[in-house]
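Trainee: Residue-level listing of the chains:
2 protein chains.
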Amino acid sequence: MSHVYERVALIGLGLIASSMFWAIRRGDLAGEVTGYARSAGTRETARRIGLCDRVCDTLEEAVSGADLVVLCVPVGAMGAVAEAMAPHLKPGATVSDVGSVKKAVIDAVGPHIPEGVHFVPAHPLAGTEHSGPESGFATLFDNRWSLLVPVVGSDPGAVARLRALWEGMGANVEEMDAEHHDLVLAVTSHTPHLIAYTMVGVADDLRRVTDSEVIKYSAAGFRDFTRIAASDPTMWRDVFLTNKEATLEILGRFTEELFALQRAIRTGDGEQLFDYFTRTRAIRRGIIEAGQDTDAPDFGRAGAKK
Amino acid sequence: MSHVYERVALIGLGLIASSMFWAIRRGDLAGEVTGYARSAGTRETARRIGLCDRVCDTLEEAVSGADLVVLCVPVGAMGAVAEAMAPHLKPGATVSDVGSVKKAVIDAVGPHIPEGVHFVPAHPLAGTEHSGPESGFATLFDNRWSLLVPVVGSDPGAVARLRALWEGMGANVEEMDAEHHDLVLAVTSHTPHLIAYTMVGVADDLRRVTDSEVIKYSAAGFRDFTRIAASDPTMWRDVFLTNKEATLEILGRFTEELFALQRAIRTGDGEQLFDYFTRTRAIRRGIIEAGQDTDAPDFGRAGAKK
Numbered sequence: 009m010s011h012v013y014e015r016v017a018l019i020g021l022g023l024i025a026s027s028m029f030w031a032i033r034r035g036d037l038a039g040e041v042t043g044y045a046r047s048a049g050t051r052e053t054a055r056r057i058g059l060c061d062r063v064c065d066t067l068e069e070a071v072s073g074a075d076l077v078v079l080c081v082p083v084g085a086m087g088a089v090a091e092a093m094a095p096h097l098k099p100g101a102t103v104s105d106v107g108s109v110k111k112a113v114i115d116a117v118g119p120h121i122p123e124g125v126h127f128v129p130a131h132p133l134a135g136t137e138h139s140g141p142e143s144g145f146a147t148l149f150d151n152r153w154s155l156l157v158p159v160v161g162s163d164p165g166a167v168a169r170l171r172a173l174w175e176g177m178g179a180n181v182e183e184m185d186a187e188h189h190d191l192v193l194a195v196t197s198h199t200p201h202l203i204a205y206t207m208v209g210v211a212d213d214l215r216r217v218t219d220s221e222v223i224k225y226s227a228a229g230f231r232d233f234t235r236i237a238a239s240d241p242t243m244w245r246d247v248f249l250t251n252k253e254a255t256l257e258i259l260g261r262f263t264e265e266l267f268a269l270q271r272a273i274r275t276g277d278g279e280q281l282f283d284y285f286t287r288t289r290a291i292r293r294g295i296i297e298a299g300q301d302t303d304a305p306d307f308g309r310a311g312a313k314k
Numbered sequence: 009m010s011h012v013y014e015r016v017a018l019i020g021l022g023l024i025a026s027s028m029f030w031a032i033r034r035g036d037l038a039g040e041v042t043g044y045a046r047s048a049g050t051r052e053t054a055r056r057i058g059l060c061d062r063v064c065d066t067l068e069e070a071v072s073g074a075d076l077v078v079l080c081v082p083v084g085a086m087g088a089v090a091e092a093m094a095p096h097l098k099p100g101a102t103v104s105d106v107g108s109v110k111k112a113v114i115d116a117v118g119p120h121i122p123e124g125v126h127f128v129p130a131h132p133l134a135g136t137e138h139s140g141p142e143s144g145f146a147t148l149f150d151n152r153w154s155l156l157v158p159v160v161g162s163d164p165g166a167v168a169r170l171r172a173l174w175e176g177m178g179a180n181v182e183e184m185d186a187e188h189h190d191l192v193l194a195v196t197s198h199t200p201h202l203i204a205y206t207m208v209g210v211a212d213d214l215r216r217v218t219d220s221e222v223i224k225y226s227a228a229g230f231r232d233f234t235r236i237a238a239s240d241p242t243m244w245r246d247v248f249l250t251n252k253e254a255t256l257e258i259l260g261r262f263t264e265e266l267f268a269l270q271r272a273i274r275t276g277d278g279e280q281l282f283d284y285f286t287r288t289r290a291i292r293r294g295i296i297e298a299g300q301d302t303d304a305p306d307f308g309r310a311g312a313k314k
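Top to bottom, those sequences are chains A and B. Our numbering runs 8 ahead of the 1-based position in the first sequence. Our numbering runs 8 ahead of the 1-based position in the second sequence.
The hints are simulated quantities; they were obtained by calculation from the structure and are not laboratory data. Please note that a few of the clues may not be correct.
Because identical chains share one entry, a pair is satisfied inside a single copy or across any pair of copies.
[Stated by the list, open to error] Quick list of in silico lysine to aspartate or glutamate cross-link-like pairs, DMTMM-like style, CA-CA up to 25 Å:
{"#": "1", "residue 1": "Lys252", "residue 2": "Asp163"}
{"#": "2", "residue 1": "Lys111", "residue 2": "Glu253"}
{"#": "3", "residue 1": "Lys252", "residue 2": "Asp185"}
{"#": "4", "residue 1": "Lys111", "residue 2": "Glu175"}
{"#": "5", "residue 1": "Lys111", "residue 2": "Glu187"}
{"#": "6", "residue 1": "Lys98", "residue 2": "Asp115"}
{"#": "7", "residue 1": "Lys252", "residue 2": "Asp283"}
{"#": "8", "residue 1": "Lys111", "residue 2": "Glu183"}
{"#": "9", "residue 1": "Lys252", "residue 2": "Asp303"}
Start from the sequences and build out the full structure, keeping to the hints where you can.
Mentor: As structure tokens, then:
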């Protein structure tokens, strides 16, 4: 494939940026990829494992001359990074990001984008519970969705080029407005993560059930929650602080439903429980048919056979 | 290995019974395994796939002469099945079960156990989201825990023999009293399942986020919940109706914690969120070190690389 961009700068070198680099290299999608991380330790790791064609010691150096700059830092840090790099952006360049919320990122980054630079926010719906520069891999985005969230006045050409990059990295691409994005993600990601963190915290708190029992007997269902609750704490703190409104709305609905089921348990209403549990099976089938998860039992882990 | 029992009867032919049959055959742990299911269709499927050495059309025929009878029916059905089979049990036989709750099973089954027959309740902590006779496989119990819950007066010899069977099927075995079992499982299994069912139900209800969006974008975290929420509705209805007390207690704790985190989100208390999310990472590490889950990202599904 011919290069989509001549030079790409990845700012922040965690799971997503490192996976982007390996995916860009796999597809030969850019002439050069520069990288910058605030921590010297991270930059050193990146150099050691060959992450990025050139790891820069300053933000300025990394973004200078880049046709595309992608902010891969926690959502809460994006505004400050955008402000710091703004004077060094090349005219005609595109700034994008990979943040899990979009309204707050647009509010924080948008005002710093100079005249003549394009701003096309994005969010790849992909990740694992691992974080850091060594956790990335080229296939992370294959058959996952990447959502582009153009802002008012986003240049159609800049949007199309970013779409080509994401498609080149293996993703399916869709466009969406920021408000809808934040609500959809509150349902499919943010609230499930908060609930998983909460359940794991509860288990950790219990004194009569020792840690070791919680761990030993985790395969009964709980261990699925612990994977989600092992995700990066900084990233998730920022997600909840910046997608407050939609998360609180979905949490309110969740609590309502939970109380209704709790009441059914208390009153012994087996029919209500059975009907509820039957309805939720259909969604799973839909996800498997859509190719978004495996049908292998237990996600195929531990050699479970179909 | 020499046979642990000469004849084993499996009553109810779903995921657990079918996995037990394949694991017993793999280890050559019994001379003959008979099977019975209430539904003629299930018996037919079992015969077609070679599940059990002999599939019987009546409960009486299946349990006659058996040294071990294992109840693998939903918890809510166990009392009636125990009553029906009691007159046909061989003196000196052992009756066990695989139910996910233990106090309720002991209350329901215990009174029907005839003089001279041993009763050793058990619960293998293993399963997948799939159900039915065709979903079983021989390795389901490998390195999983199986909990024996002897009742007052359980014969030590009968307990030791059942332990040998579970170990022969690949499981690690521990003994526990019924009350503690039900609390531990409320934490590691029952409450997580209820929460997953609830979250999936909420997503299903939302009108602004269409089904197709929930499904398309499920890889962001939600799809893990849908696997759990695809489990057998009858089994789970019975679990919540029969482990009411412990489940409601853990649910109460969960709600308390959830409200505290919700308040932290509302008031913008990033420190509290960060601390909470950091603490929960440690449990995940413990589970991986204990060999109860894989460290491969995303459980290793979809070819994710470490």
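Trainee: State for each hint whether it applies.
Mentor: Outcome of the hint check:
{"no.": "1", "hint": "Lys252 to Asp163", "verdict": "neither (29 Å within a copy, 58 Å between copies)"}
{"no.": "2", "hint": "Lys111 to Glu253", "verdict": "within (11 Å within a copy, 43 Å between copies)"}
{"no.": "3", "hint": "Lys252 to Asp185", "verdict": "within (17 Å within a copy, 44 Å between copies)"}
{"no.": "4", "hint": "Lys111 to Glu175", "verdict": "within (24 Å within a copy, 55 Å between copies)"}
{"no.": "5", "hint": "Lys111 to Glu187", "verdict": "within (6 Å within a copy, 49 Å between copies)"}
{"no.": "6", "hint": "Lys98 to Asp115", "verdict": "within (22 Å within a copy, 75 Å between copies)"}
{"no.": "7", "hint": "Lys252 to Asp283", "verdict": "between (32 Å within a copy, 18 Å between copies)"}
{"no.": "8", "hint": "Lys111 to Glu183", "verdict": "within (14 Å within a copy, 53 Å between copies)"}
{"no.": "9", "hint": "Lys252 to Asp303", "verdict": "neither (34 Å within a copy, 31 Å between copies)"}
Checked against the numbered hints above, the structure violates hints 1 and 9; every other hint is satisfied.
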